[in-house]
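For the sequence shown, the numbering used here begins at 1 and goes up steadily by one.
Calculated from the structure, these hints are not laboratory results. The structure presented is a predicted model; accordingly, all values stated were derived computationally and were not measured. Some clues are possibly wrong.
Beta-carbon label-pair distances, calculated as ranges [as the list claims (entries may be wrong)]:
1) Ala-548 <-> Glu-478: 43 to 53 Å
2) Ser-463 <-> Arg-107: 28 to 38 Å
3) Pro-543 <-> Val-491: 23 to 33 Å
4) Lys-485 <-> Gln-464: 23 to 33 Å
5) Met-327 <-> Asp-553: 18 to 28 Å
6) Glu-488 <-> Asp-177: 54 to 64 Å
Lysine to aspartate or glutamate pairs mimicking EDC-like chemistry, simulated, CA-CA at most 20 Å apart [said to hold, decoys possible]:
7) Lys-302 <-> Glu-290
8) Lys-302 <-> Glu-514
9) Lys-302 <-> Asp-467
Built from N, CA and C at the ideal position, the CB exists for glycine as well.
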Amino acid sequence: MTSTGIRLHAPAPGWSIAADVVVVGSGVAGLTAALRCEAAGLATVVVTKARLDDGSTRWAQGGIAAALGEGDTPEQHLDDTLVAGAGLCDEEAVRLLVTEGPDAVRRLIATGARFDESAEGGLELTREGGHHRRRIAHAGGDATGAEISRALVEAVRARGMRTVENALVLDLLTDADGRTAGVTLHVMGEGQHDGVGAVHAPAVVLATGGMGQVFSATTNPAVSTGDGVALALRAGAEVSDLEFVQFHPTVLFLGPEAEGQQPLVSEAVRGEGAHLVDADGVRFMVGQHELAELAPRDIVAKGIMRRMREQDAEHMYLDARHFGAEMWERRFPTILAACRAHGIDPVTEPVPVAPAAHYASGGVRTDSHGRTTVPGLYACGEVACTGVHGANRLASNSLLEGLVYAERIAADIARGDLPARVPQLLPHSDRPTHPLLPPEARFTIQRIMTRGAGVLRSAASLSQAADGLHRLHADAREALDENGKTAEPGVDTWEATNLLCVARVLVAAARRREETRGCHWREDRPERDDTAWRRHIVVRLNPDRSLAVRTTDTTDFHPTLPPQAQEQ
Numbered sequence: 001m002t003s004t005g006i007r008l009h010a011p012a013p014g015w016s017i018a019a020d021v022v023v024v025g026s027g028v029a030g031l032t033a034a035l036r037c038e039a040a041g042l043a044t045v046v047v048t049k050a051r052l053d054d055g056s057t058r059w060a061q062g063g064i065a066a067a068l069g070e071g072d073t074p075e076q077h078l079d080d081t082l083v084a085g086a087g088l089c090d091e092e093a094v095r096l097l098v099t100e101g102p103d104a105v106r107r108l109i110a111t112g113a114r115f116d117e118s119a120e121g122g123l124e125l126t127r128e129g130g131h132h133r134r135r136i137a138h139a140g141g142d143a144t145g146a147e148i149s150r151a152l153v154e155a156v157r158a159r160g161m162r163t164v165e166n167a168l169v170l171d172l173l174t175d176a177d178g179r180t181a182g183v184t185l186h187v188m189g190e191g192q193h194d195g196v197g198a199v200h201a202p203a204v205v206l207a208t209g210g211m212g213q214v215f216s217a218t219t220n221p222a223v224s225t226g227d228g229v230a231l232a233l234r235a236g237a238e239v240s241d242l243e244f245v246q247f248h249p250t251v252l253f254l255g256p257e258a259e260g261q262q263p264l265v266s267e268a269v270r271g272e273g274a275h276l277v278d279a280d281g282v283r284f285m286v287g288q289h290e291l292a293e294l295a296p297r298d299i300v301a302k303g304i305m306r307r308m309r310e311q312d313a314e315h316m317y318l319d320a321r322h323f324g325a326e327m328w329e330r331r332f333p334t335i336l337a338a339c340r341a342h343g344i345d346p347v348t349e350p351v352p353v354a355p356a357a358h359y360a361s362g363g364v365r366t367d368s369h370g371r372t373t374v375p376g377l378y379a380c381g382e383v384a385c386t387g388v389h390g391a392n393r394l395a396s397n398s399l400l401e402g403l404v405y406a407e408r409i410a411a412d413i414a415r416g417d418l419p420a421r422v423p424q425l426l427p428h429s430d431r432p433t434h435p436l437l438p439p440e441a442r443f444t445i446q447r448i449m450t451r452g453a454g455v456l457r458s459a460a461s462l463s464q465a466a467d468g469l470h471r472l473h474a475d476a477r478e479a480l481d482e483n484g485k486t487a488e489p490g491v492d493t494w495e496a497t498n499l500l501c502v503a504r505v506l507v508a509a510a511r512r513r514e515e516t517r518g519c520h521w522r523e524d525r526p527e528r529d530d531t532a533w534r535r536h537i538v539v540r541l542n543p544d545r546s547l548a549v550r551t552t553d554t555t556d557f558h559p560t561l562p563p564q565a566q567e568q
C-alpha cells in the first residue's frame with residue numbers, strides 16, 4: 001500500500017526530534033504502548049492533543065471487562081462478545097482479547113491502578129449490558145477511566161518519558177519506499193515547542209481515540225475529531241467497518257438543541273438494577289430481550305428510539321430511585337454530581353436519557369499485532385479496527401482492547417529490527433495540495449451527520465448526508481483548483497477537514513451496507529442479511545481524494561501486510 005500523496009496544508013516543520021517510536025495519544029492504549037516500548041529499551045515519544053490525562057479514557061465510567069471472577073472463563077467472555085458483535089467479530093481477535101485480558105488487567109494493577117474491592121478483599125465486579133456474568137472491574141465507583149489514566153500518567157512521568165502535549169498530529173512521514181518515518185504535528189503554543197514540527201521515528205503508534213465529534217451530540221470530548229483515522233487514510237491505510245458507530249443508550253438529555261459532549265449515564269447503573277421507563281413509568285425493555293435493560297447496547301438504543309417515536313417523545317427515563325442516597329453516593333458519585341449539576345436528582349426522580357454517539361467499533365484496519373496496511377504504522381484503541389467489536393462493541397471491552405493490543409504492538413515493535421533513525425525530509429510546497437475547510441464547517445458536518453447517519457438511517461437519509469458532505473468537499477476543492485485558495489491552516493480548519501474525511505467514509509460504508517446489523521440500523525432494510533452482508537466493508541482514499549470501497553468475502557480479517565513487509 002502506498003501513500004496517497006495527500007497532506008494537510010500546513011507550514012513547513014520548524015523543529016524536529018528523533019525517536020525509535022512515536023505514540024500518538026495518551027489514553028489507556030497509547031500510554032500502555034509507550035510504557036511497554038520504553039521498558040523494551042526503545043526511545044519513545046508520546047504526542048497528545050491536550051494534556052496527558054485529557055483523552056477519552058478518563059471519561060470511561062463503567063469499567064474494564066475481563067474473566068477475573070469465580071466461575072467466569074475467557075470462553076464465556078468470548079461468547080458474550082461474539083453475540084454482541086452480531087456475527088462480524090473476528091473470532092481469533094476476540095480469543096486473543098479474552099485470554100490475554102486477565103493478565104493484562106493484573107499488570108495494569110501492578111502499574112498502580114487501584115480498583116474497587118469487595119469486603120473480602122477481592123475485586124468488586126459488576127455487570128453491564130450483554131454480559132451474563134459479573135466481570136466488570138471498576139474504580140472509584142464510576143470513575144474507572146480517571147483512575148486508569150492517573151496510574152498510567154504517573155508511570156509515564158516517573159520514567160521521565162519524553163512527551164509533547166497540546167499537539168495535533170497532522171500527517172505521516174514516509175521514506176522513499178513508503179515506510180513510516182514519523183509524523184508532523186502542530187503544538188498549540190504550549191511547552192518546549194510551538195507551531196509545526198516533526199517527530200522522526202521508524203515506528204508510529206496511532207492511539208488517537210474516536211471521532212464522536214462528527215455528530216452534534218456525543219459522549220466524546222472535544223478532541224475526538226477522527227484525526228488518527230484521517231491521517232491513516234491520507235497515508236494510504238485501509239479503514240474498516242466505520243459504519244458501526246455505537247450510540248450509548250443512556251446519555252443525560254439536556255434538551256433538543258444540546259450540542260457537543262454530553263454527560264454519560266453508565267451502563268453499570270442498569271447493571272446494578274436501574275430500570276428504563278417511559279413517562280408513564282412503564283418498563284418498555286421487558287419482553288424485547290431476555291436481558292431487558294441489560295441487552296447489548298444496540299438493542300437498548302433501538303428500544304429507546306422506538307418508544308420515543310411511538311410516543312412522540314424527546315427522551316425516556318432511567319429510574320434508580322430505589323438505590324437510595326447511600327448507594328448513589330458510594331457507587332456512582334460522578335454521575336450523581338453530573339445530574340445534580342444539571343438540576344436533576346436521581347435519588348428522588350427518574351433521569352431523562354436519550355442515545356448519543358459514543359464509540360466507533362470500526363477504524364484503521366489492523367492485524368493481531370496492531371499493524372496497519374502501511375509498514376511501520378500501528379493502531380490501537382478506538383482508532384483501530386482489530387475485528388474484536390464486530391458490528392457492536394460489548395460494554396467495557398474497549399479499555400481491555402486498548403490494553404491488550406497496545407501490549408501486542410509493543411512486543412511486535414521490540415521484536416522487529418527497526419530501520420535507522422534517519423530524518424526524512426517532508427517535501428513542502430507553498431501551494432496547498434489538499435483543501436482545508438473553514439472552522440464553521442464543523443457544525444455543518446455535525447448536523448448533516450446527525451440528521452442523515454445517526455441512530456436511524458435509510459437510503460434516503462444517507463443519500464442526503466452524502467450530498468451535503470459532497471457539496472462541502474466539492475466547494476473546497478473547486479476553490480483550491482481554480483485559484484489555489486483554501487482556509488487558513490490552523491487547529492480549527494485541520495479538525496474540520498479531518499471530520500469531513502471520516503464523515504465521508506462513514507456514510508459511504510453505511511450506504512453500501514444494505515441491512516440492519518448491530519449498531520447500524522437501516523429503517524429501509526430492517527432485517528439482518530447474513531448471506532449478503534456477513535462481511536466487512538473496507539475503504540481507502542485514492543490520490544484524487546475519491547473513496548475506494550470494497551466488501552470482503554468473509555468475516556475474517558486478512559493479514560494487513562505481505563510477509564516480506566511484516567518481517568522488516
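Structure-based check of each hint:
{"no.": "1", "hint": "Ala-548 <-> Glu-478: 43 to 53 Å", "result": "violated (22 Å)"}
{"no.": "2", "hint": "Ser-463 <-> Arg-107: 28 to 38 Å", "result": "violated (48 Å)"}
{"no.": "3", "hint": "Pro-543 <-> Val-491: 23 to 33 Å", "result": "holds (26 Å)"}
{"no.": "4", "hint": "Lys-485 <-> Gln-464: 23 to 33 Å", "result": "holds (28 Å)"}
{"no.": "5", "hint": "Met-327 <-> Asp-553: 18 to 28 Å", "result": "violated (50 Å)"}
{"no.": "6", "hint": "Glu-488 <-> Asp-177: 54 to 64 Å", "result": "violated (34 Å)"}
{"no.": "7", "hint": "Lys-302 <-> Glu-290", "result": "holds (15 Å)"}
{"no.": "8", "hint": "Lys-302 <-> Glu-514", "result": "holds (18 Å)"}
{"no.": "9", "hint": "Lys-302 <-> Asp-467", "result": "violated (26 Å)"}
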